[in-house]
Amino acid sequence: MAAASALAEEPGFTRALLARRSVLAALCVFLLILAAVLLATWIAPADPAAMAVRQRLSPPGTGYLLGSDPYGRDVFSRLLFAGRVSLTVGAGVAMIASVGGILIGLVAGYFPRLDAPASRIIDAMMAFPDILLAIALVAILGGSIANVIIALSIVYTPRIARTVRASTLVIRELPYVEAARALGSSTPFILIQHILRNILSPIIVQATFIFAYAMLAEAGLSFLGVGIDPSTPSWGTMINEGRQYVDQAPFLIFFPGIAIAASVLCLQLIGDGLRDALDPRIARQL
Amino acid sequence: MSLSFKWIVPAALAAAGLSGTAMPAFAETNLTVAIVGEPDTLDPMVSTKDVVSIVTQHFIETLYTFDASWDVAPLLATTLPKISADGTLYTIELRQGITFHDGSTMDSADVVASLNRWLTVATRGKSVASKIVSVTATGPYTIEIQLSEPYAPLLSLLAFSNSAAAVYPEEILGADTLTAVVGTGPYEVIAHVPDQYIQVGRFAGYVPRDEEPSGSAGRRAALADEIRFVPVPDANTRVEGLLSGQYDYADALPAESLARVTANTVAEPVILAPFGWPVWALNHKAGLMTNADIRRAVQAALPIDDMLYAAFGDDNFFMVDGPMYPEGWVWRNDAGVENYNQNSPAKAAEYLKAGGYDGTPLRILTSHQYEFHFKMAEVAKVALEAAGFKVQLDVVDWATLGQQRNDPALWDIYISHSPFLPEPALTDLYASTSRLGWSEPGKDAVWDKFTTTTDLAERQALFADLQRANFEDVGFIKIGGFNALMGQKTGLQGVTPSPWPNFWNATYQ
Amino acid sequence: MTRYILKRLVGMLVVVLIVLTIAFVIVRLAPGDPAALLLGPDATPEDAAELREKLGLNSPILVQYMAFLGNAVRGDLGNSLFFNRPVTEVLLARAEPTTFLALFSLLISLVIAVPIGIYAAYRRGSWLDQSAVSTAMLAASVPSFWTGLMFQRYLATEMGWFPASDYGGPDADFISRMGYLVLPSIVLGIVNSALILRFTRASMLDILGEDFVRTARSKGMSERRVVLRHALKNAAIPIITIIGLTFANLVSGAVVTERVFNLPGMGNLVVNAVLRRDYPVIQGTLIVVAVLYVLINLMVDLVYLLVDKRVRY
Numbered sequence: 000m001a002a003a004s005a006l007a008e009e010p011g012f013t014r015a016l017l018a019r020r021s022v023l024a025a026l027c028v029f030l031l032i033l034a035a036v037l038l039a040t041w042i043a044p045a046d047p048a049a050m051a052v053r054q055r056l057s058p059p060g061t062g063y064l065l066g067s068d069p070y071g072r073d074v075f076s077r078l079l080f081a082g083r084v085s086l087t088v089g090a091g092v093a094m095i096a097s098v099g100g101i102l103i104g105l106v107a108g109y110f111p112r113l114d115a116p117a118s119r120i121i122d123a124m125m126a127f128p129d130i131l132l133a134i135a136l137v138a139i140l141g142g143s144i145a146n147v148i149i150a151l152s153i154v155y156t157p158r159i160a161r162t163v164r165a166s167t168l169v170i171r172e173l174p175y176v177e178a179a180r181a182l183g184s185s186t187p188f189i190l191i192q193h194i195l196r197n198i199l200s201p202i203i204v205q206a207t208f209i210f211a212y213a214m215l216a217e218a219g220l221s222f223l224g225v226g227i228d229p230s231t232p233s234w235g236t237m238i239n240e241g242r243q244y245v246d247q248a249p250f251l252i253f254f255p256g257i258a259i260a261a262s263v264l265c266l267q268l269i270g271d272g273l274r275d276a277l278d279p280r281i282a283r284q285l
Numbered sequence: 000m001s002l003s004f005k006w007i008v009p010a011a012l013a014a015a016g017l018s019g020t021a022m023p024a025f026a027e028t029n030l031t032v033a034i035v036g037e038p039d040t041l042d043p044m045v046s047t048k049d050v051v052s053i054v055t056q057h058f059i060e061t062l063y064t065f066d067a068s069w070d071v072a073p074l075l076a077t078t079l080p081k082i083s084a085d086g087t088l089y090t091i092e093l094r095q096g097i098t099f100h101d102g103s104t105m106d107s108a109d110v111v112a113s114l115n116r117w118l119t120v121a122t123r124g125k126s127v128a129s130k131i132v133s134v135t136a137t138g139p140y141t142i143e144i145q146l147s148e149p150y151a152p153l154l155s156l157l158a159f160s161n162s163a164a165a166v167y168p169e170e171i172l173g174a175d176t177l178t179a180v181v182g183t184g185p186y187e188v189i190a191h192v193p194d195q196y197i198q199v200g201r202f203a204g205y206v207p208r209d210e211e212p213s214g215s216a217g218r219r220a221a222l223a224d225e226i227r228f229v230p231v232p233d234a235n236t237r238v239e240g241l242l243s244g245q246y247d248y249a250d251a252l253p254a255e256s257l258a259r260v261t262a263n264t265v266a267e268p269v270i271l272a273p274f275g276w277p278v279w280a281l282n283h284k285a286g287l288m289t290n291a292d293i294r295r296a297v298q299a300a301l302p303i304d305d306m307l308y309a310a311f312g313d314d315n316f317f318m319v320d321g322p323m324y325p326e327g328w329v330w331r332n333d334a335g336v337e338n339y340n341q342n343s344p345a346k347a348a349e350y351l352k353a354g355g356y357d358g359t360p361l362r363i364l365t366s367h368q369y370e371f372h373f374k375m376a377e378v379a380k381v382a383l384e385a386a387g388f389k390v391q392l393d394v395v396d397w398a399t400l401g402q403q404r405n406d407p408a409l410w411d412i413y414i415s416h417s418p419f420l421p422e423p424a425l426t427d428l429y430a431s432t433s434r435l436g437w438s439e440p441g442k443d444a445v446w447d448k449f450t451t452t453t454d455l456a457e458r459q460a461l462f463a464d465l466q467r468a469n470f471e472d473v474g475f476i477k478i479g480g481f482n483a484l485m486g487q488k489t490g491l492q493g494v495t496p497s498p499w500p501n502f503w504n505a506t507y508q
Numbered sequence: 000m001t002r003y004i005l006k007r008l009v010g011m012l013v014v015v016l017i018v019l020t021i022a023f024v025i026v027r028l029a030p031g032d033p034a035a036l037l038l039g040p041d042a043t044p045e046d047a048a049e050l051r052e053k054l055g056l057n058s059p060i061l062v063q064y065m066a067f068l069g070n071a072v073r074g075d076l077g078n079s080l081f082f083n084r085p086v087t088e089v090l091l092a093r094a095e096p097t098t099f100l101a102l103f104s105l106l107i108s109l110v111i112a113v114p115i116g117i118y119a120a121y122r123r124g125s126w127l128d129q130s131a132v133s134t135a136m137l138a139a140s141v142p143s144f145w146t147g148l149m150f151q152r153y154l155a156t157e158m159g160w161f162p163a164s165d166y167g168g169p170d171a172d173f174i175s176r177m178g179y180l181v182l183p184s185i186v187l188g189i190v191n192s193a194l195i196l197r198f199t200r201a202s203m204l205d206i207l208g209e210d211f212v213r214t215a216r217s218k219g220m221s222e223r224r225v226v227l228r229h230a231l232k233n234a235a236i237p238i239i240t241i242i243g244l245t246f247a248n249l250v251s252g253a254v255v256t257e258r259v260f261n262l263p264g265m266g267n268l269v270v271n272a273v274l275r276r277d278y279p280v281i282q283g284t285l286i287v288v289a290v291l292y293v294l295i296n297l298m299v300d301l302v303y304l305l306v307d308k309r310v311r312y
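Heads up: the protein sequence lines correspond to chains A, E and G, in order.
Position 85 of the first sequence, counted from 1, bears residue number 84 in numbering that gives the first Met the number 0, the numbering being contiguous throughout.
Position 394 of the second sequence, counted from 1, bears residue number 393 in numbering that gives the first Met the number 0, the numbering being contiguous throughout.
Position 28 of the third sequence, counted from 1, bears residue number 27 in numbering that gives the first Met the number 0, the numbering being contiguous throughout.
In isolation and in its complexed conformation, chain A is listed as follows:
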């Protein structure tokens, strides 16, 4: 999170961010989820893969904190390990899409010659609705964690690229960039030192939202049966697996549903908080 420290240089940023109680709460809850998931190996009461078929679908509290699944595996333990997968997909997509989006966006925005072709490709990619494109891509690549990350990164990269390009176009024309160019600064130096630094905040905000959307999209793909293969637990596949037991064991859908909704909600709140803290005009109005 080197970017965060860059942001924190802005006076009052942290205070602005944490001023809203909802954002503070979201940060706390998200960190809690993150910690639980990272420490799964130590927290989890059982091996998430251990089966006790005859104890299948035990309700929460009867020897299993959050019940057991159709194979008699501990739902709580699986929830923790599944969180790794879901959060990895979200974080992975947010990161890859940001890096890819920054590269494409900077190039398109800074080099007028490359702008037209790059923008047209971005436009064309954005014309495909996210789930639809992801379905087609995962269908080709096959349903593994890595492939779902790749597919969703391809889907979200143009979205970041578009933001980066727009900001770059504006900053490129600013006097100090002109000056740096006149003084003979190298292009990579200008791109990183003058442009990237200045557009980092909107990217971080957008990446936070993409983190959230990627988690939702992963759940959607798993629901449609074209996501991560079900022997790897993710919150999405857990819901998909629990669907057929909605009567006997509604908790199978309930807990992973809550986990997704809570994580996504926290991320959105954090994203909103970041945006408002970074945009003084709106923040002042609150």
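Everything hinted at is true.
Computed list of lysine to aspartate or glutamate pairs in DMTMM-like fashion (alpha-carbon distance at most 20 angstroms, straight line):
| hint | chain 1 | residue 1 | chain 2 | residue 2 |
| --- | --- | --- | --- | --- |
| 1 | E | LYS130 | E | GLU148 |
| 2 | E | LYS81 | E | ASP106 |
| 3 | E | LYS284 | G | GLU45 |
| 4 | E | LYS380 | A | ASP46 |
| 5 | E | LYS488 | G | GLU157 |
| 6 | E | LYS125 | G | GLU45 |
Sample of chain G residues lacking proximity to chain E, with all beta carbon distances greater than 12 angstroms (derived):
| hint | residue |
| --- | --- |
| 7 | GLY10 |
| 8 | ARG27 |
| 9 | TYR64 |
| 10 | ALA66 |
| 11 | GLY74 |
| 12 | SER130 |
| 13 | VAL212 |
| 14 | LYS218 |
| 15 | SER221 |
| 16 | GLU222 |
| 17 | ARG224 |
| 18 | HIS229 |
| 19 | ILE236 |
| 20 | PRO237 |
| 21 | ILE295 |
| 22 | TYR303 |
Calculated directly from the structure, the hints in this document are not laboratory data.
From a predicted model like this one, the values you see are computed outputs, not experimental measurements.
From the three backbone atoms N, C-alpha and C, an ideal C-beta is built for every residue, glycine too.
We have chain A already, so just place chains E and G on it with the hints.
Here is chains E and G on its own, set in the frame of chain A:
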């Protein structure tokens, strides 16, 4: 109908159309049947899919069919054929006055043309083609089939609705794919909107047989005016639709929904017991499973009880049962069953040692289209690993599995299932020519004798040998037996539970 | 202005060409043999090879690409391998539920979200604003299939207020078919209104921060009149944008919603096509949806020109 009044206004209008299906008081009766997916063709000759059989049997007929006890019974033929003493010449008399949906009359020329097409395009037809010398019309309503040697499964093949020896008018044959679906059945196709419905209506020119209905045999009364087959790929949606009164019948429901379907007053459960058997098919052509000891290790390791319990979730829906046929079938025997359900990691480890297992991953090919396949694999994986196997679960979709299993380089085991078929020879896994390539001199000899012998007692003994060979050499692994759950609207009568349920005698009291 | 429109049109054609190329590349890379699938599980490899030849799946990729482009320009998106009919015909047969599902849910979400969004911005920071924003955020955080399943389970099956699934069958006339879309539209509308509410509120906040609004305010005009007189008029543009923006959102939502309610729309078609390895249908859906998106956004841009005289190009 009462349900529909609770729907909000536009939905109530929508319901009015459908609810007619439930109202015996209405002059017109329409049945709506939820099936598991879109049939990719309406020509049962070129498909082996159960969903194709379920739909097409209402408008396409065969010379023979199966009655309730799975005996072959005549349909378009007048009676069972006259078979020559040496078992190679079948003389079949056809019913007269049978009209196709296009108005033409069925005669021997149509039947000969249809059977010849069956021998060229149908999977099951092709499997007997080499044994058939000729199919000829010897009169306007008589045909003869000349075989090169006796072939016991022939009648069953002619009766089967799956890769069916369907009878079409001679005029529409010729191309590989039929342009129109014209049969002789009690219903004819009115409309086919892919992924939405196949609408069939009573065929006015149908002349039913006189015998009492039994299975698919006997009188086909066409009681309902229309039947609509609606593809509903999602099992949960089928349950919801059945319980909200939208369907008169819903195929293949998850065992877990039994309690809900039972508790509801709108619908009632239909249990088909037994339905069939899950099978682990082993690759004898290439890879790990060419080693008999390693095959025996797999057989020894499988925890059958847990696999079936996880797969079907309810003790009433599966049988931990080794013999190839369930209690009450003529093919039932106990040969070799001591090898079934050993559930012994220790013994499996011994076999592995004897077989010189080197840690090569065991590739199990399965899909989650059929959830119980996947669940069996998931449970077995743990047990196989405990025995010392390295297991690689290749989860693909059902269609990809259908393709990949044709390439021996890609898999060691694939998971499938089959209904209990009335004639063991309809299951090709025994044959060394199948995609498994299971060939062992003793077994091959028994199999050849089994298909060419016609005496039942002798065939029963041969089948016992076959079953023993399968347990000892581990050709493929029958996991057990399972029941199927279907559901129908309360009060619907005249539908016999079957892997291929038919609706021509279905009605409300 | 004419030059601008021409430039936009040319740009659009280029985008469409790229869309076609992407769709072609994506689908050709797919594994799985459609010939083997079409023939069913018992087909021999020889049968499959024969069918592949017949379907032209064996010619060089570049030849396939050129043929594909030429056909696409003439509106021929190939034949569905599964249905054995032209893709355009297959897609058209699925257009009705998807179109009306999208229209109804857009309508529902606009009716819910635009007034609330404007009011929330106007009363920014108030109790109402905060609860509207949090509700919207919550609605956007819950997976839409979860909402769909719950509504189907409780409102349709248990309460019997709506049909649980399907699209009416052969007897249903247009009005009855629309009855089957009510519940799915509500589900999708709720999800979509979250996006619209946040967008409306944000645009409104932007406008309320603009100079001319501040001037009006400083002239002593009441806040209410500021909003009604100035802000609302200027909010028209962002709201038009929403329609272009949420189109993709609605289509993605429709895929999942159609699956839950077994609606025979384009979303359900494309998921089935993936399972059936029906390349031309996947490709056709991607193309049609993307081209629609491009067209809708072009229209949105043109409406800008008409509505907002301040926009100069």
